[in-house]
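Between the sequences and the hints, there should be enough to build the whole structure, so can you do that?
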Amino acid sequence: MDYKKRYEEWLSNEYFGEETKKELMAIRDDEEEIKDRFYRCLEFGTAGLRGKIGAGTNRMNKYIIAQATQGLADYIVEKGREYMERGVAIAYDSRHFSREFAKQAALVLAGNGIKAYLFEDLRPTPELSFAVRRLHTAAGIVITASHNPKEYNGYKVYWEEGSQILSDIASAIEKNIEKIKDFSAIKTAEEQTAVHQGLLRMIGKEIDDEYMEKVKGLALRDDIDKNIKIVYTPLNGTGNIPVRRVLKERGFTQVTVVPEQENPDPDFTTVGYPNPEDTKAFAYAERLGKAVGAEMLLATDPDCDRVACMVKGRDGDFIPLNGNQTGALLIEYMLSSMKEKGMLPENGYIVKSIVTGDLGKAIARSYGVETYETLTGFKNICGKVNELEREGGCQFIFGYEESIGYVAGSFVRDKDGVISSMLLCEAAAYYRSQGKTLLDVLDEIYRVHGYYAEKLISLTLEGIEGQKRIERMMREYRKNYPVEIQGRKLIRYLDYERGIAFDLMDQKEDALDTPVSDVLKYLFDDGSWYAVRPSGTEPKIKIYIYSKAATKDEAWEKIEDFEKMIMAQLEKVD
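In the UniProt record's numbering, the protein residues as written are 1 to 574.
These are calculated hints, taken from the structure and not from any lab test.
Among the clues, some could well be false.
To be verified - Below, a list of computed lysine-lysine pairs in the DSS-like style, where the Cα atoms sit at most 30 Å apart:
#	residue 1	residue 2
1	Lys-21	Lys-179
2	Lys-312	Lys-290
3	Lys-103	Lys-22
4	Lys-4	Lys-35
5	Lys-205	Lys-216
6	Lys-5	Lys-52
7	Lys-187	Lys-4
As structure tokens, this is what we get:
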């Protein structure tokens, strides 16, 4: 069915409400808008669904939520009565329609005879992961678009171990969704009926309290300076209550919250793009930080699974730490503290993604800790933890990726901004008691392990044509890539889509033991490397460039050389 037929179907079908039809009538003379809304069905992948809010098959709305949930429900029903009775936990963030979408999902599950545990109000994504494990549910759903702009919302599915679904389950759900040709065939219960039948249960404080105790149980030290001055912003998302609570209960008394960004705001009025990885999101926190004399600024994204920080430098300005640097600092703090206290397991390991830098790996190696690498995304990082847990014989310590996501402990199987906030503040407070800042400690790490530099370049290419250009870029780069950059020679490349690793030194090709993914990675003889991949959640192609050198200047010179060559090659593709 082409996009015009889909559009007319939504206009004429009585199943779609008057508000939806009114919205669609308003774009009747806008051919491009109709095409963008209906040229495809919003794709259900391993990240679930994510898209702009609005009427249409390529938009996030209650009908698409219902359809996706019916696909999940059919999968659970196929698993049998036990999975149906175990049910599904559901959480949601502060975005437009998140509450309505969450309830819609719960009522579709109930309509299929599957118990739904719905959080009574917005909660951080990692608490959903905890709830799945704590309640022993079959699955979990989070309504969130993470750090995307206000126009977006999303739908993520978790499985019984508390981690996001991998491709096998996602493919099965997607096939079920594709079978639903008639929206009116979706089974939906009335709310009162679902409650009466015990198929809809609200959850809240009891799960909050248990989760909070688990988070505090990850604390490694109390010999810290808790008077450290911290400014925190939840960026109008879900982190406000849990992050402030854990810091308060850990004894941090000098925490100031950015008032304009304290409460939920689906329009993210003061920040626009609520991504703490972008230092512009810290504008209000920086201003407040200077006013109150803060030593560290902390920001979590809207669903509070990611955290970023800035540290006061010697000149009084705040210096941002990127995801690789923050991960390295947390690894150094955790492993050194565990070693000092005799808590470092002989069989401990950390997990990082293939596009995350190698400094954390070098630190872990110095403590005798193994590092495993996975494809990007915490679904893969925690999927590896699940796999190693089933095999037994080793102990998970820490998981992270360069895009400011981190997790510790065994009770959450996703990145966790609450855990990370507590550990970051604890680390900063410990080093403060020694007269150091996190910047000082990072310099010490560089002196020991070498200077690591990195740069992430994201090219945004929106719409149908943008998507096609990204596909062309990846296709062409596979065939034409530089084998030498300013005297640095390519020695190995990895193509995760083809599942091969090719060694240019001995002309040998090996198979990669990873799932298929559209990622290219190139390693050079001086230790530099870079990777190219399309984003799985945004209309972007991403380039990750890494270097290692004896000095900062030398490391950044390498980054600049690589950037020029890579971008010139990509920009040839129109």
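(message) For a C-alpha distance cap of 30 Å, please report whether Lys-312 and Lys-290 respect it.
(response) Cα-Cα ~9 Å, so holds.
(request) Would you mind confirming whether the straight-line C-alpha gap from Lys-4 to Lys-35 stays at or under 30 Å? (result) Roughly 7 Å between the alpha carbons, so the hint for Lys-4 and Lys-35 holds.
(message) Does Lys-216 sit within 30 Å of Lys-205, going by the straight-line distance between their CA atoms?
(response) OK: Lys-205 and Lys-216 at ~16 Å, within 30 Å.
(request) With a cut-off of 30 Å on the C-alpha distance, tell me whether Lys-187 and Lys-4 pass. (result) Measuring from Cα to Cα gives roughly 27 Å; hence the hint holds.
(request) Could you grab the alpha-carbon distance between Lys-21 and Lys-179 and see if it respects the 30 Å cut-off? (result) Holds: Lys-21 and Lys-179 sit about 24 Å apart, inside 30 Å.
(request) Assess, step by step, whether the Cα of Lys-5 is no farther than 30 Å from the Cα of Lys-52, and give holds or violated. (result) holds, 21 Å
(message) Would the hint linking Lys-103 and Lys-22 be met if the CA-CA limit is 30 Å?
(response) Given pair Lys-103, Lys-22 holds - Cα atoms ~23 Å apart, limit 30 Å.
Of the numbered hints stated above, none is contradicted by the structure.
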